[in-house]
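*Asks:* Per the working numbering, the sequence shown starts with residue 1, numbered consecutively.
Read the hints as simulated data drawn from the structure, not as lab findings.
Some hints here could point you the wrong way.
[To be verified] Straight-line alpha carbon distances no greater than 27 angstroms define the calculated DSS-like cross-link-like pairs of lysine-lysine that follow:
#	residue 1	residue 2
1	K456	K434
2	K444	K455
3	K364	K434
4	K388	K338
5	K444	K423
6	K203	K242
7	K446	K81
[Stated by the list, open to error] Distance ranges between label pairs, derived from CB positions:
#	residue 1	residue 2	range
8	S448	N471	18 to 26 angstroms
9	S65	F45	29 to 37 angstroms
10	I480	E278	35 to 43 angstroms
11	R463	D305	32 to 40 angstroms
12	N240	S448	39 to 47 angstroms
13	F373	I66	41 to 49 angstroms
14	Y315	Y385	56 to 64 angstroms
15	D215	S421	53 to 61 angstroms
16	N471	L418	35 to 43 angstroms
Glycine included, C-beta positions come from ideal geometry on N, C-alpha and C.
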Amino acid sequence: MSSKRNDKIVNIDGSRRGSGGRVHQPKKHLMNRMRPEYIGVFIAFIILVYMIINVIFFSNKGLVSIYEVQAEEITSSSTYKGIALRNEEIITSANSGYINYYVQNGKRAAKNCEIYSIDEGSRNFNGITNGRGVDKLADNDIKAVKNVVYGYLDAYSDFKINSVHEFKQEFSDTIYSLVNDNSIENMKDIASEEYASAFHVKKADRAGVISYKTDSFCGYSFDNITAEMFTDNYKLDVQNLKSTGLISAGNPICRIVTDDSWQIAVKIPEELYIRLLEMNTVSIYINDYYLPVSGDLKTVQQGSDFYALISLDKYMSTYIDERYLRVEFDVDDELGLKIPVSSKIDKEFYTIPLSMFVKNENYKGEVLLREAFDAEGNTVYEAIYPTKYFTDGAFAYIDIDSLNEGDILENNKTGERLRVSSKAIIEGVFNVNKGYHQFVRIEKIKASGEYIIIKKNTPNGIRLYDHIALNANEASDQTIIY
1 MSSKRNDKIV
11 NIDGSRRGSG
21 GRVHQPKKHL
31 MNRMRPEYIG
41 VFIAFIILVY
51 MIINVIFFSN
61 KGLVSIYEVQ
71 AEEITSSSTY
81 KGIALRNEEI
91 ITSANSGYIN
101 YYVQNGKRAA
111 KNCEIYSIDE
121 GSRNFNGITN
131 GRGVDKLADN
141 DIKAVKNVVY
151 GYLDAYSDFK
161 INSVHEFKQE
171 FSDTIYSLVN
181 DNSIENMKDI
191 ASEEYASAFH
201 VKKADRAGVI
211 SYKTDSFCGY
221 SFDNITAEMF
231 TDNYKLDVQN
241 LKSTGLISAG
251 NPICRIVTDD
261 SWQIAVKIPE
271 ELYIRLLEMN
281 TVSIYINDYY
291 LPVSGDLKTV
301 QQGSDFYALI
311 SLDKYMSTYI
321 DERYLRVEFD
331 VDDELGLKIP
341 VSSKIDKEFY
351 TIPLSMFVKN
361 ENYKGEVLLR
371 EAFDAEGNTV
381 YEAIYPTKYF
391 TDGAFAYIDI
401 DSLNEGDILE
411 NNKTGERLRV
421 SSKAIIEGVF
431 NVNKGYHQFV
441 RIEKIKASGE
451 YIIIKKNTPN
461 GIRLYDHIAL
471 NANEASDQTI
481 IY
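I would like the entire structure built from these sequences, with the hints used as guidance.
*Replies:* Set out below in structure tokens:
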């Protein structure tokens with residue numbers, strides 16, 4: 001009995017021949033069936049579709065312009081006009097007559113020291129000015145002169161040219177003092193002989209430095225200072241008080257400064273005022289002298305005018321005859337950061353007292369406890385985990401979206417309660433280093449045209465070469481840009 005064979009014969013090319021002699025071809029995939037020249041067209045089509053989708057996405061999203069933060073050097077080498085303010089007063093004559101002075105200009109007079117004398121006639125005056133007895137110096141007087149000379153010789157150096165001038169000044173002061181001492185003794189002898197009632201001696205009521213020069217600012221304090229006084233066309237009335245002969249009663253004799261502490265008021269630009277705001281002391285150069293002087297600093301704003309008030313306790317007598325001084329501030333050059341004006345934005349925050357924050361065991365940090373109610377109407381407190389954008393030592397600045405105005409906060413340890421309402425504005429920019437807009441606080445130093453100079457190295461602030469949004473008004477906090 002024969003059986004029908006249904007086996008298929010496999011050809012060399014992989015096709016199968018059935019019992020009827022039909023050839024069966026194997027199934028081919030799409031890529032196998034495509035002609036080679038169409039494969040490249042298909043890949044290009046896929047890429048084109050991808051690009052169109054991305055163009056549509058980014059065109060609807062809007063372009064983000066980015067600015068790279070640059071450095072800017074701030075200098076303060078300018079010299080400003082200052083006004084010297086002292087505890088000073090004018091001494092006037094109670095009598096008319098011929099005057100003789102006994103204290104050198106710029107020198108200190110002790111209390112009860114003879115400052116000057118007035119002779120209503122000319123006999124006593126002529127006796128004193130003729131130097132009666134002045135040429136007779138006591139041994140102690142000669143010794144004082146020798147000490148000055150020997151002191152100069154011992155310290156002499158070819159490299160200290162200024163010491164010659166200092167020696168000349170010290171020698172002159174010593175001789176002047178000795179001559180005055182002898183003149184005073186002559187004054188007493190002459191006045192006691194005759195016409196004593198016509199001879200008047202003025203003694204210092206208090207110790208102070210004597211000056212024979214005054215001006216219209218004498219006795220002024222900072223409250224008397226105006227911006228006009230710093231202008232170049234302001235005319236200061238200066239008067240030389242020293243007379244060589246006859247004076248009238250009521251005439252000013254000299255100016256006495258009774259305190260070594262003095263002040264210099266300086267009108268400064270706003271950018272320097274901002275830099276000095278956080279400083280309590282400052283070093284300055286006076287009249288281009290090569291050594292700086294340190295003093296206490298107070299900054300004052302009066303309308304649109306800005307002032308620095310520097311209090312000193314040295315060198316008052318050095319500048320006693322000068323009212324206007326040239327002042328240069330010894331403030332180190334500061335490297336700030338330059339950003340466009342368009343990148344700055346003001347953002348509103350809630351201000352929450354730091355005392356309202358409590359520690360949470362389940363959270364590494366501090367939380368706020370907000371009053372709420374459960375389903376049964378019982379009071380409960382939910383923890384809020386806010387980000388402190390900035391703290392000023394008393395308040396924390398919290399994102400406006402973290403709380404609602406009118407929320408009740410409570411510190412469960414102190415019992416302190418607070419209704420959320422207080423707000424404040426912080427200046428900042430949007431940092432885009434991480435691919436999204438992140439608000440960062442800035443501290444402005446000054447504005448200059450289209451740019452703002454801000455402080456560098458502020459806590460959690462902008463750094464050199466950071467990328468920020470060029471147009472802050474077109475950005476939104478925490479939005480993705482890539």
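*Asks:* A separate judgement is required for each hint: does it hold in the structure or not?
*Replies:* Evaluation of the provided hints:
{"no.": "1", "hint": "K456 <-> K434", "in the structure": "holds (20 angstroms)"}
{"no.": "2", "hint": "K444 <-> K455", "in the structure": "holds (6 angstroms)"}
{"no.": "3", "hint": "K364 <-> K434", "in the structure": "holds (24 angstroms)"}
{"no.": "4", "hint": "K388 <-> K338", "in the structure": "holds (25 angstroms)"}
{"no.": "5", "hint": "K444 <-> K423", "in the structure": "holds (20 angstroms)"}
{"no.": "6", "hint": "K203 <-> K242", "in the structure": "holds (17 angstroms)"}
{"no.": "7", "hint": "K446 <-> K81", "in the structure": "holds (22 angstroms)"}
{"no.": "8", "hint": "S448 <-> N471: 18 to 26 angstroms", "in the structure": "holds (19 angstroms)"}
{"no.": "9", "hint": "S65 <-> F45: 29 to 37 angstroms", "in the structure": "holds (33 angstroms)"}
{"no.": "10", "hint": "I480 <-> E278: 35 to 43 angstroms", "in the structure": "holds (38 angstroms)"}
{"no.": "11", "hint": "R463 <-> D305: 32 to 40 angstroms", "in the structure": "holds (35 angstroms)"}
{"no.": "12", "hint": "N240 <-> S448: 39 to 47 angstroms", "in the structure": "holds (46 angstroms)"}
{"no.": "13", "hint": "F373 <-> I66: 41 to 49 angstroms", "in the structure": "holds (47 angstroms)"}
{"no.": "14", "hint": "Y315 <-> Y385: 56 to 64 angstroms", "in the structure": "holds (58 angstroms)"}
{"no.": "15", "hint": "D215 <-> S421: 53 to 61 angstroms", "in the structure": "holds (55 angstroms)"}
{"no.": "16", "hint": "N471 <-> L418: 35 to 43 angstroms", "in the structure": "holds (37 angstroms)"}
The structure is consistent with each of the numbered hints, conforming to all of them.
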